[in-house]
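Asks: Chains as they are written, first to last, in the numbering used here: chain A, 1 to 94; chain B, 95 to 307.
These aren't lab readings, by the way, just hints derived from the structure by calculation.
All figures in this text were calculated on a predicted structure; none of them were measured in a lab.
Treat the hints loosely; a few may be bogus.
Derived lysine-lysine pairs resembling DSSO-like cross-links, with alpha carbons at most 30 Å apart [as the list claims (entries may be wrong)]: (1) B/253 <-> A/77; (2) B/253 <-> B/304; (3) B/128 <-> A/19; (4) A/54 <-> B/301; (5) B/254 <-> A/77; (6) B/128 <-> B/301; (7) A/81 <-> B/135; (8) B/205 <-> A/77; (9) B/132 <-> B/210; (10) B/132 <-> A/58; (11) A/86 <-> B/307; (12) B/205 <-> A/86; (13) A/54 <-> B/205; (14) B/132 <-> B/253; (15) B/307 <-> B/135; (16) A/54 <-> B/135; (17) B/301 <-> B/132; (18) B/204 <-> B/307.
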Amino acid sequence: MGKVERKRERLEIIYDIIKIINDNHNSIRPTRLLRQSNLSSKSFSDYFNELREKELIKEIYDKKGRKYITLTDNGFKYLEKYAVIKGFVDEFNL
Amino acid sequence: MSAYQHFDLLRFGTEFAYSVVIVIMFLFIYLKTKGLFKISKYRGIRYFRNAFLFFALAYASRILYHSVKLMLVASEYHVPGRVLSVISLFLVSYFGSVAIGYLIYSSIWKKVEHWKFLVFIHLFAFMVILLFPLGFSLLLFIVIQLGMIAAIFIVNRGKKIRYLYSLVSLFWIFNMIILYTRSLLSFEAKLVFQVLSVILLSYFIAKVLKWAK
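So that you can see chain B by itself, here it is in the shape it has in the complex (with noise of 0.2 Å):
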């Protein structure tokens, strides 16, 4: 049986759409608030959009996936799933983990206010990544993530926003188990969770868009 006849268009073609919607408002968020930061050159709001930019990235990386997929089911050229699923674990890893390290730095780069704490976000980031060569275990990975999310909650403590940024860093992981457990969820549980990561998203913009119209 070929590869094409296992593959199914309307689960593809509803992950490839998901993913190029968040890509999109993830760069709006970050687009938007340029016009703040141009005037303002506050590093709060530097960061704050670097942060969006690395979850535009890590989300870019899951369609760079999916259309290599594609490729590779037209083509009927045979790459092992492992190394295709490997390198876009580390790209998508690697930038989730950049944007959270840059969201919890935009809420206290007043009290660590030094470059090292960015080379630290990017080498946390990069050890991360490197726990897959050395036998990838996902429960390790999801509780690295949820271990920078009680960081977000923590250092934003006593601010309305921390339940916004830990929900969408929640999504985030969630996205990530998705991803790679795809038989956890079935399509249409898969579609809700979609549906919902949107109007989140959706949410955070009218509130960025409350500011930086």
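With the rest of the complex left out, here is chain A (with noise of 0.2 Å):
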């Protein structure tokens, strides 16, 4: 019988894209990124703009013009404080 994979929610979709950002070097690649979170282009869509309004993450640009995603303070705080709000929610069911 195949594995059955668990559906993401969506605070650990966002600790997870965060995450990634943080292990590489606060600096990743839009593509990158994509190729890692293991979501569709849709859905990665979705949650990057979320994540940028939310002031988790930014876009900068190295000498050549390419594009990176980085961690903000606000996105190295959610990191930091994941456990903590997903045991809030979990237990208050929000």
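Assembly of the complex is requested from the two constituent chains, each provided in isolation within its own frame, with the hints serving as guidance.
Replies: Have a look at this one:
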């Protein structure tokens, strides 16, 4: 019988995206982030825009004009507080 | 006999102090969860916080009611008690219904992710207060609020928190009954109920503080 994969929850997906950026020395190309996040292009685009609006991530450009994604201070705080946020959300069924 | 002679300072003081303590406790939950919301911008946390903000507003309306009553007694200025209680009833029941509505929405927003539901909460609460000019029935009000508690219980099925949410809401309804049927309970019985309410909320706050330190 095949392995049944659990659908990731919204908070978990956001955490995963942020963690990928952090694990890549806080600088990753959008295409690589999309690949590592295991999301469809549409979902990734939705989450990406959401994280940018929430000021958890931001886009930066290198000298050659290539786009990279990095975490903001809020992004680092989210990473640090993720277990607490997840515990709170689960406990109060939010 | 003047209004002042009818005034029972002990009962008034207890009722007033109780409302102030409850408002502070609800506001404490609202403010303590600000940090979690600020970092995550998670909508479930926002609706949860709103629920407790509106509970605080509902109890603050009770303080307003008692303050006006005290001013009237002190000045011996005559205003029909009915007018005061209807205005107070409007505010208290509106804010209370919105609070329970937000509590429900905080658990179902992922399934019913739509701004119209928030409009519905406020419209529903407004419709509840419209019952009053049409001949207020406390029983009807209680039935509506109990229906909302049943909704809380259903949307949180399988989760332990449904008992606590339902208890907080039940205590809220019981507060409403006590507020508008003054002779229902003796002073001592009300005091016991008020102490129980504070204990229940303290337990709730302890649960919140486990995460939002």
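Asks: Each hint should be assessed against the structure and marked as holding or not.
Replies: Evaluated hints:
| no. | hint | in the structure |
| --- | --- | --- |
| 1 | B/253 <-> A/77 | holds (28 Å) |
| 2 | B/253 <-> B/304 | holds (18 Å) |
| 3 | B/128 <-> A/19 | holds (23 Å) |
| 4 | A/54 <-> B/301 | holds (27 Å) |
| 5 | B/254 <-> A/77 | holds (29 Å) |
| 6 | B/128 <-> B/301 | holds (15 Å) |
| 7 | A/81 <-> B/135 | holds (13 Å) |
| 8 | B/205 <-> A/77 | holds (28 Å) |
| 9 | B/132 <-> B/210 | holds (24 Å) |
| 10 | B/132 <-> A/58 | holds (17 Å) |
| 11 | A/86 <-> B/307 | holds (14 Å) |
| 12 | B/205 <-> A/86 | holds (19 Å) |
| 13 | A/54 <-> B/205 | holds (22 Å) |
| 14 | B/132 <-> B/253 | holds (26 Å) |
| 15 | B/307 <-> B/135 | holds (18 Å) |
| 16 | A/54 <-> B/135 | holds (7 Å) |
| 17 | B/301 <-> B/132 | holds (20 Å) |
| 18 | B/204 <-> B/307 | holds (26 Å) |
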